[in-house]
Amino acid sequence: MVDPRIIREKPEWLRQKLRDRGLAFDLDGLLTLEAERRRLLAELERLRARKNALSEEIGRRKRAGQDVATLVAESAGIDPALKGLTEQQRKAQEQLDALLLTVPNPPHDSVPVGADAGADQEVRRWGKPRELAFTPKPHWELGEALGILDFERGARLAQTRFAVLTGAGARLERALINFMLDLHTREHGYTEAAPPLLVNAAAMTGTGQLPKFEEELFKTRDEGLYLIPTAEVPLTNLHREEILPPGALPKKYTAATPCFRREAGSYGKDTRGLIRQHQFNKVELVWFTEVGASYEALERLTADAEEVLKRLELPYRVVALCTGDLGFASAKTYDLEVWLPGHGDFREISSCSNCEDFQARRAEIRYRRHPKAAPEYAHTLNGSGLAIGRTWIALLENFQEADGSVTIPDVLRPYLDGEKRLAPR
RNA sequence: GGAGGGGUGGCCGAGCGGUUGAAGGCGCCGGUCUUGAAAACCGGAAUCCCGCAAGGGAUCGGGGGUUCGAAUCCCUCCCCCUCCGCCA
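Residue numbers (the numbering used here): 1 to 425.
Heads up, a few of these hints could be off.
To be verified - Listed below are the simulated DSBU-like cross-link pairs for lysine-lysine, each with C-alpha atoms no more than 35 angstroms apart in a straight line:
{"hint": "1", "residue 1": "Lys219", "residue 2": "Lys269"}
{"hint": "2", "residue 1": "Lys83", "residue 2": "Lys62"}
{"hint": "3", "residue 1": "Lys212", "residue 2": "Lys269"}
{"hint": "4", "residue 1": "Lys310", "residue 2": "Lys128"}
Stated by the list, open to error - What follows is a set of in silico ranges between Cβ atoms, one per label pair, in the way DEER data are often shown:
{"hint": "5", "residue 1": "Arg50", "residue 2": "Pro211", "range": "33 to 39 angstroms"}
{"hint": "6", "residue 1": "Ala53", "residue 2": "Pro112", "range": "33 to 39 angstroms"}
{"hint": "7", "residue 1": "Val113", "residue 2": "Glu152", "range": "56 to 62 angstroms"}
{"hint": "8", "residue 1": "Glu87", "residue 2": "Gln279", "range": "14 to 20 angstroms"}
{"hint": "9", "residue 1": "Gly247", "residue 2": "Glu45", "range": "21 to 27 angstroms"}
{"hint": "10", "residue 1": "Ala53", "residue 2": "Asn200", "range": "37 to 43 angstroms"}
{"hint": "11", "residue 1": "Arg90", "residue 2": "Gly167", "range": "56 to 62 angstroms"}
{"hint": "12", "residue 1": "Pro112", "residue 2": "Asn178", "range": "32 to 38 angstroms"}
{"hint": "13", "residue 1": "Gly77", "residue 2": "Ala24", "range": "43 to 49 angstroms"}
{"hint": "14", "residue 1": "Asp109", "residue 2": "Glu419", "range": "47 to 53 angstroms"}
{"hint": "15", "residue 1": "Asn200", "residue 2": "Glu152", "range": "51 to 57 angstroms"}
{"hint": "16", "residue 1": "Asp3", "residue 2": "Gly29", "range": "17 to 23 angstroms"}
{"hint": "17", "residue 1": "Glu152", "residue 2": "Glu419", "range": "22 to 28 angstroms"}
{"hint": "18", "residue 1": "Ala303", "residue 2": "Thr135", "range": "33 to 39 angstroms"}
Hints are computed from structural coordinates only; laboratory data are not their basis. For each residue, glycine too, the CB sits at the ideal point set by N, CA and C.
All chains, full assembly: derive it from the sequences and hints.
Okay, structure coming up:
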């Protein structure tokens, strides 16, 4: 949520920031509503103050045994106006709140301005794609030939965009999860969490999935709970409605969880292969920082995610998303894109974002700098470290051999009983 | 699913319908004492909103009601705990 004060005090700045995102947002409507809300509130509070004063006086006189009839009559006379104002004010506040929840995070000044992904800026590149003496195959051909990937049965069990990994494929999935969690917990200082995979609407609102993106979420019919689309949701909401004591920040969490996305509106996209599934595993990284520390933290978090790719020897590039390509809650995002020989292109494998205080405001995540200091909204960051399914794809496609076998990178071998390669049966 | 108990400040825990935003304790901050610390003693300190300020308003799980006045009474929803049943 944007700071309502900014709407009042820097409307032109906000208007430009939203325009940079490619949004024609009705800021004037918002401004009018906010002014009206404050006018009603001031009037309402004036009446309430009078009523409180009367009640106090009535109490005093009653104890003194004096007559209170005229005071009671005046107090009762205020009621109709009070009732009407209360209702008007409540409506204005509700409208304003609902509208505020739909305003995206203004981009940070360092974010390149642009309309769409075409304006994203490559920041750096790491590793060189292998020179292959044969035409690389896409992962679905490799996986099915290796007997470790099965889309047909996935669809039979659920529907399209679900897959089954079997044998070495399932073990590889598990190995990747364990390798990444070990790296982040042992070397990067993250606390591992195993959070609920179903969360309530308040949690989804806190991170920004609700109210605008409900159609992307799976929801349980009886309880009204939502399946998480990313562990960012439970991890960031871990400290919802808390005031963290001095010295508590930064806090860093990681979790490996399945993620569930309805992928509404992407019917034609990535229909083949594991790239876009309704369910996939992901290792997530989440930071809570003090206000001045979040951009330094974004670089660190991104580096932590990059380290996974480096150790797996997977070539990648880092891209700074432009204003028009930024997610709803993010003020700045780096995407990590891994090289996929079977696709002949780079594909997103991680997205690392600084949400500044946008989520903290929605979720009431605050901290104190000093024991006596006033609470401030924390900054929250999140990034994939990494998406497991897409890493699985990248391994198959990058380390494939002419005979369809796949070499296992060194760091992963301890997680696979020393296995050096996956070979067709 | 059945039966019962309970939700008060960072935590524990009091609270006859009227100076209770809320006793007391723990923890926290400042001070006195001390070489230093601890202990002891004294003092301070909730959160949010409106307002330049003075000040005002709201908040005792959420919402609604009764009343001039509700943490205290009524209704309703949510959550937690205990026991029984079922179950990974």
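Results of checking the hints against the structure:
Taking the CA atoms of lysine 219 and lysine 269, the gap is near 23 angstroms; set against the 35 angstroms cutoff, the hint holds. Proposed proximity of lysine 83 and lysine 62 is supported: the alpha carbons are some 26 angstroms apart, at most 35 angstroms. The hinted pair formed by lysine 212 and lysine 269 meets the criterion: a straight-line CA distance of about 22 angstroms does not exceed 35 angstroms. Under the criterion of a C-alpha separation no larger than 35 angstroms, the hint pairing lysine 310 with lysine 128 is consistent with the structure, at around 11 angstroms.
Distance hint check for arginine 50 and proline 211: the Cβ-Cβ separation is about 37 angstroms, which falls inside the suggested range of 33 to 39 angstroms. Here the CB-CB span from alanine 53 to proline 112 is close to 57 angstroms, at odds with the stated 33 to 39 angstroms. Hint check: valine 113 to glutamate 152, Cβ distance near 46 angstroms, so the stated range 56 to 62 angstroms is violated. Range check, glutamate 87 to glutamine 279: Cβ separation about 46 angstroms, and the 14 to 20 angstroms hint is violated.
Glycine 247 and glutamate 45 have their C-beta atoms about 38 angstroms apart, which leaves the hinted 21 to 27 angstroms range violated. Alanine 53 and asparagine 200 have their C-beta atoms about 41 angstroms apart, which keeps the hinted 37 to 43 angstroms range intact. At about 60 angstroms, the beta-carbon gap between arginine 90 and glycine 167 stays in the expected band of 56 to 62 angstroms. For proline 112 paired with asparagine 178, a C-beta distance near 37 angstroms keeps the hint of 32 to 38 angstroms intact.
The supplied range of 43 to 49 angstroms is met by glycine 77 and alanine 24, whose beta-carbon atoms lie about 48 angstroms from each other. Taken as a hint, the range 47 to 53 angstroms holds for the pair aspartate 109 and glutamate 419, whose Cβ atoms sit roughly 49 angstroms apart. Hint check: asparagine 200 to glutamate 152, Cβ distance near 36 angstroms, so the stated range 51 to 57 angstroms is violated. The hinted range of 17 to 23 angstroms is satisfied by aspartate 3 and glycine 29, whose Cβ atoms lie roughly 18 angstroms apart.
Between glutamate 152 and glutamate 419 the CB atoms are about 26 angstroms apart, so this pair conforms to the stated range of 22 to 28 angstroms. Judged by the Cβ atoms, the range 33 to 39 angstroms given for alanine 303 and threonine 135 holds: they are separated by roughly 34 angstroms.
Taken one by one, the earlier hints fail for this structure at numbers 6, 7, 8, 9, 15, listed in ascending order.
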